[in-house]
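Trainee: The primary structure of each chain is shown beneath.
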Amino acid sequence: MAPSVGSAATQGRRAALRRLTAFLLAGAAGITPGYGKESKEAVCVNLSALSPAESKRRRLDNYTEKSSDPGKTCSGCTFFTPGAGGAACGQCLIFNGPANPHGRCDDWSARPA
Amino acid sequence: MLPHPSRLFPTGVVALVLTGLSTAALATDPTPEVATAATHAGFAAQAATLEQSHMHLHHTVNCLVGPKGQEFDTNEANPCQKLGDGAIPDTTDATAKAKLTAALAKAEAGLKSNDLTVVKKAAAETQSSLK
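Chains as they are written, first to last, in the numbering used here: chain B, 44 to 156; chain P, 1497 to 1627.
Derived from the structure by calculation, the hints contain no laboratory data. Predicted model, so just to flag it, every value in this text is computed and none were measured. Hints may contain errors.
To be verified - Computed list of lysine-lysine pairs in DSSO-like fashion (alpha-carbon distance at most 27 Å, straight line):
#, chain 1, residue 1, chain 2, residue 2
1, P, Lys1593, P, Lys1608
2, P, Lys1617, P, Lys1595
3, P, Lys1595, B, Lys99
4, P, Lys1593, B, Lys99
5, B, Lys99, P, Lys1617
6, P, Lys1627, P, Lys1617
7, P, Lys1578, P, Lys1564
8, P, Lys1616, P, Lys1595
9, P, Lys1593, P, Lys1564
10, P, Lys1564, P, Lys1595
11, B, Lys115, P, Lys1608
12, B, Lys115, P, Lys1593
13, P, Lys1593, P, Lys1627
14, P, Lys1564, P, Lys1627
15, P, Lys1627, B, Lys99
16, P, Lys1578, B, Lys109
17, P, Lys1578, P, Lys1595
18, B, Lys115, P, Lys1578
19, P, Lys1616, B, Lys99
20, P, Lys1564, P, Lys1608
21, P, Lys1627, P, Lys1608
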């Protein structure tokens, strides 16, 4: 016997509920990609919130909020000034604006010892 | 009654020496500006795109001429803004100034070209001139 329209709708709702429950559980366990660790780290620059010129400058210079090389981060760059009073974000001389101490760009130059 | 001129002479000499010393102390050492300009010329020589190469060359030019220079581009960053008034204005030695001016000309030539190969070559020459 073919399933009724009502039973198909019920099964659809159950499947949706199962997916929702799985998503919520995964989120609570902190295993959702991009969630957890990153949320604890400061975001210093939101490229989409910058003016087109500022955004372009950072894009051209390959600015990233998190350097792939731990030995070459903004905090060790000659153009970086740490945030005052222990602030999470500092200032970059190249961009004349905020920068993440863990970030990096192509203008990275080692801070003189 | 005014003191005899011969008594004023040593005082004048001391004043002149002190003035000279203070001027020398106040003069900015252009070495870090030249080094930074060279570094950015190197970035331009290694850049992947024309826009990136031009951007780094602008940094070089801004470092060389300083904010009061005719070629200074206010739309671009000045990596040397905390180091002085520009490598060329801060250089007093005529030979060194001429060398920096020649390097500036090479960087400017690079900025005028839209051929990445030409720009990168000009950037490499600029970097060599600054070393």
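Trainee: Now tell me, hint by hint, if it's right for this structure.
Mentor: Okay, the hints, checked on the actual structure:
About 23 Å separates the Cα atoms of P:Lys1593 and P:Lys1608, which keeps this hinted pair within 27 Å; it holds. Distance hint between P:Lys1617 and P:Lys1595 is fulfilled; the C-alpha atoms sit about 18 Å from each other, no more than 27 Å. About 33 Å separates the Cα atoms of P:Lys1595 and B:Lys99, which puts this hinted pair outside 27 Å; it is violated. As the CA atoms of P:Lys1593 and B:Lys99 are separated by approximately 34 Å, the hinted pair breaks the 27 Å bound.
A C-alpha spacing of about 24 Å is found between B:Lys99 and P:Lys1617, which places the hinted pair at or below 27 Å, so the restraint holds. A C-alpha spacing of about 16 Å is found between P:Lys1627 and P:Lys1617, which places the hinted pair at or below 27 Å, so the restraint holds. With a CA separation close to 14 Å, the supplied pair P:Lys1578 and P:Lys1564 stays within the 27 Å bound. Our distance criterion of 27 Å between C-alpha atoms is met by P:Lys1616 and P:Lys1595, whose separation comes to about 20 Å.
About 16 Å separates the Cα atoms of P:Lys1593 and P:Lys1564, which keeps this hinted pair within 27 Å; it holds. Between P:Lys1564 and P:Lys1595 the CA atoms are separated by roughly 19 Å; this keeps the pair inside 27 Å, and the hint holds. For the proposed pair B:Lys115 and P:Lys1608, the alpha carbon gap of about 32 Å is over 27 Å, so the pair is violated. Restraint check for B:Lys115 and P:Lys1593: the C-alpha separation of about 33 Å exceeds 27 Å, so the hint is violated.
Proximity of P:Lys1593 to P:Lys1627 is assessed by CA-CA distance (about 13 Å); at most 27 Å being required, the pair is judged to hold. For a cut-off of 27 Å, the pair hint linking P:Lys1564 to P:Lys1627 stands: about 24 Å separates their Cα positions. Under the criterion of a C-alpha separation no larger than 27 Å, the hint pairing P:Lys1627 with B:Lys99 is inconsistent with the structure, at around 30 Å. For the suggested pair P:Lys1578 and B:Lys109, the alpha carbons sit about 26 Å apart, so the restraint of at most 27 Å is met.
Straight-line distance between C-alpha atoms of P:Lys1578 and P:Lys1595 comes to about 23 Å, which keeps the hinted pair within the 27 Å bound. A distance of roughly 22 Å separates the Cα atoms of B:Lys115 and P:Lys1578; the hinted pair therefore holds under the 27 Å criterion. The straight-line distance between the Cα atoms of P:Lys1616 and B:Lys99 is roughly 21 Å, inside the 27 Å bound, and the hint therefore holds. Taken as a hint, the P:Lys1564 and P:Lys1608 pair is honoured in the structure, with Cα atoms around 21 Å apart against an allowance of 27 Å.
In summary, the hint linking P:Lys1627 to P:Lys1608 is supported, as the alpha carbons are separated by about 23 Å, within the 27 Å threshold.
Hints 3, 4, 11, 12 and 15 from the list above are not met by this structure, while the remaining hints are.
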